[in-house]
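Respectively, the protein sequence lines represent chains L and S. If you count by this note's numbering, then the first sequence holds residues 1 to 569, one letter each, in order. If you count by this note's numbering, then the second sequence holds residues 1 to 569, one letter each, in order.
What the hints contain is simulated information worked out from the structure, not anything from laboratory work. Mixed in with the good hints there might be a few duds.
A pair holds if it fits inside one copy or across any two, identical chains being indistinguishable in the list.
Cross-link-like lysine to any residue pairs, in silico, SDA-like; alpha carbons within 25 Å at most [unchecked claim]: (1) 49 with 365; (2) 209 with 248; (3) 450 with 561; (4) 223 with 233; (5) 206 with 196; (6) 465 with 492; (7) 49 with 552; (8) 465 with 567; (9) 49 with 2; (10) 49 with 561; (11) 49 with 542; (12) 49 with 546; (13) 286 with 488; (14) 227 with 462; (15) 49 with 234; (16) 450 with 275; (17) 227 with 314; (18) 286 with 451.
Number of protein chains: 2
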Amino acid sequence: MHVLRINTRTREARTEPVPQTWERLGGRGLIARILLDEVPATCEPLGPKNILIWAPGLLVGHMLSSCDRISIGGKSPLTGGVKESNAGGTTGLALARLGIKALLLEDRPEDDRWWVIVIDEQGVRFDPADDLVGLGVYASAERLRERYGTQPAISLIGPAGEMRMRAAGIQNLDRDGMPTRISGRGGLGAVMGSKHIKAIVFDPPKGAKPPLVDPKAFREAQKIYNKALMEHPQTKIYHDYGTAAMTSMTSHFGSLPTRGFSEGYFEGWERLSGEHLREVLIQRGKPSLPNHACMSGCVIQCSNVYADEQGEIITSPLEYETIGLMGSNLGIDDLDVIARLNHEANDLGLDTIEVGAALGVAGRAGLLTWGDGEQALALMDEIRRGTPLGRTLGNGAVVTGQVLGVEQVPAVKGQAMPAYEPRVIKGTGVTYATCPQGADHTAGLTIRAKVDHLNPEGQAELSRKVQISMAGYDTLGVCIFAGFGFAAAPKDIIARLLRARYGWEDVDENILSDLGRETIRLERAFNWRAGFTTADDRLPEWMTREPVPPTGAVFDVPEEDLDTIFDGL
Amino acid sequence: MHVLRINTRTREARTEPVPQTWERLGGRGLIARILLDEVPATCEPLGPKNILIWAPGLLVGHMLSSCDRISIGGKSPLTGGVKESNAGGTTGLALARLGIKALLLEDRPEDDRWWVIVIDEQGVRFDPADDLVGLGVYASAERLRERYGTQPAISLIGPAGEMRMRAAGIQNLDRDGMPTRISGRGGLGAVMGSKHIKAIVFDPPKGAKPPLVDPKAFREAQKIYNKALMEHPQTKIYHDYGTAAMTSMTSHFGSLPTRGFSEGYFEGWERLSGEHLREVLIQRGKPSLPNHACMSGCVIQCSNVYADEQGEIITSPLEYETIGLMGSNLGIDDLDVIARLNHEANDLGLDTIEVGAALGVAGRAGLLTWGDGEQALALMDEIRRGTPLGRTLGNGAVVTGQVLGVEQVPAVKGQAMPAYEPRVIKGTGVTYATCPQGADHTAGLTIRAKVDHLNPEGQAELSRKVQISMAGYDTLGVCIFAGFGFAAAPKDIIARLLRARYGWEDVDENILSDLGRETIRLERAFNWRAGFTTADDRLPEWMTREPVPPTGAVFDVPEEDLDTIFDGL
Chain L
1 MHVLRINTRT REARTEPVPQ TWERLGGRGL IARILLDEVP ATCEPLGPKN
51 ILIWAPGLLV GHMLSSCDRI SIGGKSPLTG GVKESNAGGT TGLALARLGI
101 KALLLEDRPE DDRWWVIVID EQGVRFDPAD DLVGLGVYAS AERLRERYGT
151 QPAISLIGPA GEMRMRAAGI QNLDRDGMPT RISGRGGLGA VMGSKHIKAI
201 VFDPPKGAKP PLVDPKAFRE AQKIYNKALM EHPQTKIYHD YGTAAMTSMT
251 SHFGSLPTRG FSEGYFEGWE RLSGEHLREV LIQRGKPSLP NHACMSGCVI
301 QCSNVYADEQ GEIITSPLEY ETIGLMGSNL GIDDLDVIAR LNHEANDLGL
351 DTIEVGAALG VAGRAGLLTW GDGEQALALM DEIRRGTPLG RTLGNGAVVT
401 GQVLGVEQVP AVKGQAMPAY EPRVIKGTGV TYATCPQGAD HTAGLTIRAK
451 VDHLNPEGQA ELSRKVQISM AGYDTLGVCI FAGFGFAAAP KDIIARLLRA
501 RYGWEDVDEN ILSDLGRETI RLERAFNWRA GFTTADDRLP EWMTREPVPP
551 TGAVFDVPEE DLDTIFDGL
Chain S
1 MHVLRINTRT REARTEPVPQ TWERLGGRGL IARILLDEVP ATCEPLGPKN
51 ILIWAPGLLV GHMLSSCDRI SIGGKSPLTG GVKESNAGGT TGLALARLGI
101 KALLLEDRPE DDRWWVIVID EQGVRFDPAD DLVGLGVYAS AERLRERYGT
151 QPAISLIGPA GEMRMRAAGI QNLDRDGMPT RISGRGGLGA VMGSKHIKAI
201 VFDPPKGAKP PLVDPKAFRE AQKIYNKALM EHPQTKIYHD YGTAAMTSMT
251 SHFGSLPTRG FSEGYFEGWE RLSGEHLREV LIQRGKPSLP NHACMSGCVI
301 QCSNVYADEQ GEIITSPLEY ETIGLMGSNL GIDDLDVIAR LNHEANDLGL
351 DTIEVGAALG VAGRAGLLTW GDGEQALALM DEIRRGTPLG RTLGNGAVVT
401 GQVLGVEQVP AVKGQAMPAY EPRVIKGTGV TYATCPQGAD HTAGLTIRAK
451 VDHLNPEGQA ELSRKVQISM AGYDTLGVCI FAGFGFAAAP KDIIARLLRA
501 RYGWEDVDEN ILSDLGRETI RLERAFNWRA GFTTADDRLP EWMTREPVPP
551 TGAVFDVPEE DLDTIFDGL
């Protein structure tokens, strides 16, 4: 494995050995380490000093079920702090096969030209991207696959990233070539846009795989893990219903963001449920699919393919967060409409959470009638056209609130909240408040814990525990849902996999927590240097004051609990 | 003297004795003290926990020349930190005559009604303001003067403050009843708007004056100060040319912000000079006036009245900062056009510095052709209509840069820079970077110092010295130009005035610096609690990289100098 540095100004590439302090990290943890080592924390995120990083997790490369995720990161233009956003699809695997431990995109061009970077056995080259500029993600991906074949993995941005909108993400292909696995959060698409890179094509040599120190032990451990994952009841639920399985659960708790986070219960929730989604997809038949794997080897297959009644694919997958933020959050109860909004966001290269939250803020400002899908689509078109309103929305919920004069913006550290109402699921509220990434459900979702979610007591402890685990999984390249398998398998399963792959004999059953704690420590150190303080570890004030129906809950976890959550990390 | 608290939700008022720790402070220093004592530093600036404060300086009340300024402050919605913005006019005097050491507007209403607060001998009452909502500042002031007479002082906001735009200020009447003395900086108009107060009418009893412990000693000291001020050559310059006298000086140094801070020299500068302005005003004759006092008793009279060729008053005064930000910064060299832009900003209740900088950013984004006054006026009209673009501009330069995708925003801590290019006048750049208020020239302008402004060495020391003095003057209620008089008078002149007024026998010739240091300490403490760190004490990164013609200077004062500037304060 090596480090690949590409200077986007000089268009020079350099391969380097992996520094010792980077070796035992991958994915999210490695990104935090690199940022601390190489990026001035106070730099302008869209300026030449920011570095955009691709880093596969430690377990990536061998098609372990749900363990081939790619982490992309840098200093976030949305939060001003550390950012890692991971995705499924084929990019992680391709980097591992190319032997790339970390890819660093440095500097930025001084002229107006745009490029496609191609990375293969021969090395690195820059191809002009002039014909792709302004094209949507779908059309760009199609053209790139015509040009470079269907084999390579591709990371690319859409018009939103080109326009350096802070809600822009970076798309990755899934194993079917659909460009919809997005490293969506934190505006990394704008960072890629600032460097004038439209796409990166990762073309590993056929059959290449990262080495295994002990292939036999690896396969044994893999078998045990796979079995545990397969047998876990949650795997079946996600297989059948995908992430939309959450709709009924959040509805039950009164924690489904509704009409601009003004309510926690949506009367149309059943039409947004996993059950209903599955019915629609089965009824429509192919190309609609209720289960679909974004990565080769995944046994969960929580993804889906959503086609309209005429059999035209609209989006893949339709996920719970999108359903929440672009559905109930906008008062919309029609999956077809949500899928079309999702398609628009995908094609523009936008994070559906951030832009859905921004649309909710626009609704609060009276620019969107709740439930009016055509209006919502018209607002997405404003983004595409780059109008002042569109540019506002495309820069996320906080800027939208500032411009439109809306106080009730659901965001922390500048990043919009996912579809778990934090006044109700208070442990997740603690995660939103204290996670170095800004409001992020994948950083520590607590909704499954058997606790009284409305009781503020003990929520910080719960959040801490889950945040540490998730930071560990994100460093391993493990999907959030694979965690069920690892948790059910013998305690040393991750250690066994790492030992078999890398020969790290000193790794023990605490490795997940060790990696998680190290990752959060590094992230907090970067944020601290960037100027973050405990003042940033807060939910917005209005959520501590305005009760959310029907529970009438406010966020009332004591600030002291927030400020001490990572003590002794 | 007493403290007056008004709760804008319950509409109850309460008079209280002055707490001991507030007694020896006034104006800017007192505002910092009150914020620290009473406002949670992390609160939402437009929420119910922010307090909007009026505090006359310590010397206000006796028509000492140029010493009757009113400080208005609170937590800034633009910077998120401490904010004090002072103005001339009649408000300071009226508060002192009412015996008000500090007026605190607390909480905010929960309904949609708007109010005028009337404060007189009888006490405090709330009058409905429904007929004033949406009216411009000029029409509102006229109606208020019809209703309450021409005697009272008035603080009021325009449509921008009602819309809670972050570039909105609070206007005060001058001694001729013109509503154009603006506490412009930091978005305090939005705070007043958040509390649904359209105006406050201050109606002191006739002839009332704050007590003097030793009237004879006071008048003696006053005489000495007045003489020193009158004899100072700078007084004559400001009398003749007003603040526009700066145009030739900044042009000479290459530090006149031009076309969105992309250059430091404007080829049309002579048409923007104090000399040309004076010519125009003399040639046009009354009501145009080249010199005019905003406060009774002022011998400097740096203000002016600017009427068009038909004798219709457009604005009063036309100031250097407006000429810089809405003139050269937009490539406009026509004083008539600048005066009209100034009129629009005044009528909307907007800070001309902030909105001028925002227009400059719009110019960088291609939404304004440099030099096109009609386009600039059309953009001001967008603000009036509250369109998405208008709301963007009305929220200041930083939001405008975020929305329009412009990196080159001239701002620190969210507040736009005045008309001194900090890459060239580096001491003022240090002030912009380190002042707790955000970019602010009145907090420590260094352009008159006999130093090499382009040399980064020693600039922090210079800035520190001037920042301390200015914080002292702002606490006394002293106009920036009165400082020339105090500096030329005997060293103990301020101590003599304070002793004569308050009987503070322990006050000595260090009082200006003592007050200044105390003020900055308090302000930094509040900002620290609000989450500010040294990471916020920086000029924008692009100014450290992009040279400004014609000097080719970048901002290169070492960060260590910035971080240690207030050591041992």
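**Asked** Of the numbered hints stated previously, which ones are contradicted by the structure, given in increasing order?
**Response** As far as the earlier hints go, 2, 5, 13, 14, 15, 17, 18 are violated by this structure, in ascending order.
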